[in-house]
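Student: Heads up: the sequence lines are chains A and B, in that order.
Just so it is clear: in the first sequence, position 441 is 432 by this note's numbering, and no numbers are missing.
Just so it is clear: in the second sequence, position 275 is 266 by this note's numbering, and no numbers are missing.
Mixed in with the good hints, there may be bad ones.
[Stated by the list, open to error] Covered by chain B, per the in silico footprint, the following chain A stretches (three or more residues, Cβ under 8 Å):
1. 13 to 21
2. 44 to 58
3. 68 to 80
4. 118 to 124
5. 139 to 150
6. 411 to 420
[Unchecked claim] Here are the simulated distance ranges between beta carbons:
7. A:LYS333 with B:ARG179: 50 to 60 Å
8. B:ALA70 with A:ARG400: 57 to 67 Å
9. B:GLY461 with A:TYR19: 50 to 60 Å
10. B:ASP131 with A:SER171: 52 to 62 Å
FYI, nobody ran anything at the bench for these hints, they're computed from the structure.
No residue lacks a Cβ here, since even glycine has one placed at the ideal position from N, Cα and C.
There are 2 protein chains.
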Amino acid sequence: MADGITPRATDYSQWYLDVIAAAELSDYSPVKGCMVFRPHGFAVWDLMKNDLDRRFRETGHVNAYFPLLIPVSFLSKEAQHVEGFAKECAVVTHHRLRMAEGGGVEPDPASKLEEPLVIRPTSETIIWHMYGQWIQSWRDLPILINQWANIVRWEMKTRPFLRTAEFLWQEGHTAHATRSEAVEEARRMLDVYEAFAADVLALPVVKGVKSTSERFAGAEDTYCIEALMQNGWALQAGTSHFLGQNFARAFDVSFQNTAGEREFVWATSWGVSTRLIGAVIMTHSDDTGLVLPPAVAPVQVVITPIWKSDSERELVLGHAERVRAALGSEFRVKVDARDTIKPGAKYFEWERKGVPLRLEIGPRDVAGDSVFAAPRTGGKKFGIPAATVADGVRAALAAIQAELYSRARARRDETMRTCTSYEGFKVELEKGGFVRTYWADDAANEEKIKEDTKATIRCFPLEGQEEAAGQTCFYSGRPATHVALFARAY
Amino acid sequence: MADGITPRATDYSQWYLDVIAAAELSDYSPVKGCMVFRPHGFAVWDLMKNDLDRRFRETGHVNAYFPLLIPVSFLSKEAQHVEGFAKECAVVTHHRLRMAEGGGVEPDPASKLEEPLVIRPTSETIIWHMYGQWIQSWRDLPILINQWANIVRWEMKTRPFLRTAEFLWQEGHTAHATRSEAVEEARRMLDVYEAFAADVLALPVVKGVKSTSERFAGAEDTYCIEALMQNGWALQAGTSHFLGQNFARAFDVSFQNTAGEREFVWATSWGVSTRLIGAVIMTHSDDTGLVLPPAVAPVQVVITPIWKSDSERELVLGHAERVRAALGSEFRVKVDARDTIKPGAKYFEWERKGVPLRLEIGPRDVAGDSVFAAPRTGGKKFGIPAATVADGVRAALAAIQAELYSRARARRDETMRTCTSYEGFKVELEKGGFVRTYWADDAANEEKIKEDTKATIRCFPLEGQEEAAGQTCFYSGRPATHVALFARAY
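Same shape as in the complex, but just chain A (with noise of 0.2 Å):
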């Protein structure tokens, strides 16, 4: 892309690496499918770690860190687990570089490690490990650690945030007593995050569970929310895992009960990543560029003084600057007072970036001691009395986090549609969205309609299973087992 943005009719993928591209959100590195997080973007991920840890800590969770790099030993100890990651490993073979012989550098062989390591793609066994170490009584238990962390799993086909070989995420790693506290643990961090993406990213999700094929390698029962992007594709926004006894089992992690007798400890995980940032920007932009929610948005008050004359540029920075005092430390402010480029392109810059409210002081707003309102979503623009500026703002961010909440919400609402038969399905598929079915549960005919459609089975919901109840499977005509939500995904 030059300088304009591809609309979202002519070309979804281009418009989605446009609007990036023009916020300065990210850029490609030097390292086939690896990122770079410029500030822009890396400060929305500080937003949504900043909210996240909080809601973790008071959940009871702790931070802790575990190394970087894992034998490959540990990972074969968990057999779903290695057939689940071992294709997308990074493999480091050597620990030292020489000089090489016809210039460069090159891995010395004499470096070479006895076993090799792979760079975490995610930490269950070196965090069971270490747990195996930890555990030894019912009184060491729970533990309830996360952890903040980059992982790397080598991808082919990339996309910025969405899908990319290193990331950023966090991982909770939680070891119980029981199943059933272990469970209620994995719900319970299910429900976090589905407050934290309606609350903060303004991201209406289905919380459901995965089925048998597209679950967490390893886990018994993997527990998902799901968002549903503009162009009616499915994003897995987070998961949380129970993973019964199997890391225990592997790593032989076990514990005394109150009883006196020795148990298998009980297990969770459960992450988000900066994909959540890929989420955000498809389900919330437009054709202009980025627009943000305002938990997220970096700068969430541009205040862009307007001016012809010298006279005037003093008059109005003035006030400008008398507004930014008055919004005081509540919210991210940014004052644009550059002479180098006229208002206008300050309000292009500023909507492309996402900006969720613009504040225009010009000579007229000076004189009437008040400022012009221009939210990014769009609507008509409103005065705020200087004198009451913060509650201006404060009703205007809160406004734009709902108007974001609920057209997301009924977009999403919209395309859920229920079909009871598989003709019925495909035309449905092809308009985009969720589509709902009663389903018999089998991983062969779900690949079928895979192969078929490309869609997937995104999740069974939690809520209104008891619907299935009675119902055939829109596609085997057996007796349904699950009310099922298929779309294609990212």
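Fit chain B to the given chain A structure using the hints.
Tutor: Here is chain B on its own, set in the frame of chain A:
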């Protein structure tokens, strides 16, 4: 160690490891040289990070994130840089595992990378590659970016926090239009580190510049802050490099100046790491265990209720909760209401964990509507009226923070002796601490002294260099060029 902590006088190295184990700050990992940051240790880092991050923002910096993996050819572009880091790089050579014939997994030969990647030992090369894309004109400067990241430098001899293969750090990387602006930035960040060390970590440091042989690989000047541990060894606690145009040349990063000419960009980089946790432990802790300055103590105040009967229990717990409420969110407070262990055992545990202030609450304290305060740094216990408990705690924590600094400062100042002969130097060195000398700069002599005494030049202190004029080098007898601080160092 079993449960005991080896006294410092018996074995300082073992004491350090015992303090860490008793406070549950870290643990060994199955990957040689990599450590696990346990929750209590990681919380200390989180507090350091939050405070530093605020200081970086206040000085105009923003955060970003660059890839973990760097093509080996990038390292070679700056000759000194590759020489400094090639011997300690973790090298990624494959991107997939396959099932091995004898069971387990192994790197899949078909996935061998065309060009090996190293895990970043520092990020100058990848960042300057990106700056080459972002910088065209003087309008794009300065760039003031910081990154919080994990780093891998393969180490054979490791020590928790102080020297590990993987560690956590921040690295600032800035780009400027002029030499003087870059030098100013490097010096500004050194001042930020010094203020942080003094105010937050209670570490008095010497600001200085490194000799050629201790300089960062690729820098023109390496500024540093040097701290002194209780055993008389020095520890480099942070560095700030003026990189000149070295990386700009290596990565061909030039800009058009206001006169329309192209010039290479000027650079700095600066960093502190989780090594600071080691510095804090070694500076302040005692034979009882960890001592933490209040500013980085995850728990600043522990309230320990004391009771003998159930009715007393209810009484003191109620009082403890009221005191906690009165302390509000200003302090990090824990009420230890466990009835499984006795008060003495609680005191012992929290002392080993380095909690700065203990508030004991027994029936008599309830009756007197007060608490009984015991600072971790010793001295007489004292009462604080419940009505003014927040004021009392604030003052007590400030006193502890100040006392830790002044104790460390006194210890440091005591050792700071000037030696004018090599014989005297060797005698003084055995007593530990910084030995101040007049020095004629000479890398060969520096190496000889190191071989002979294990001491290195920690820095040429920024203050007092004018004293060297007219003096004679304590080692070579030649005219002195610098005042040099020598010490044995971690």
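Student: Starting from the hint list further up, note which numbers the structure goes against and sort them upward.
Tutor: 6, 7
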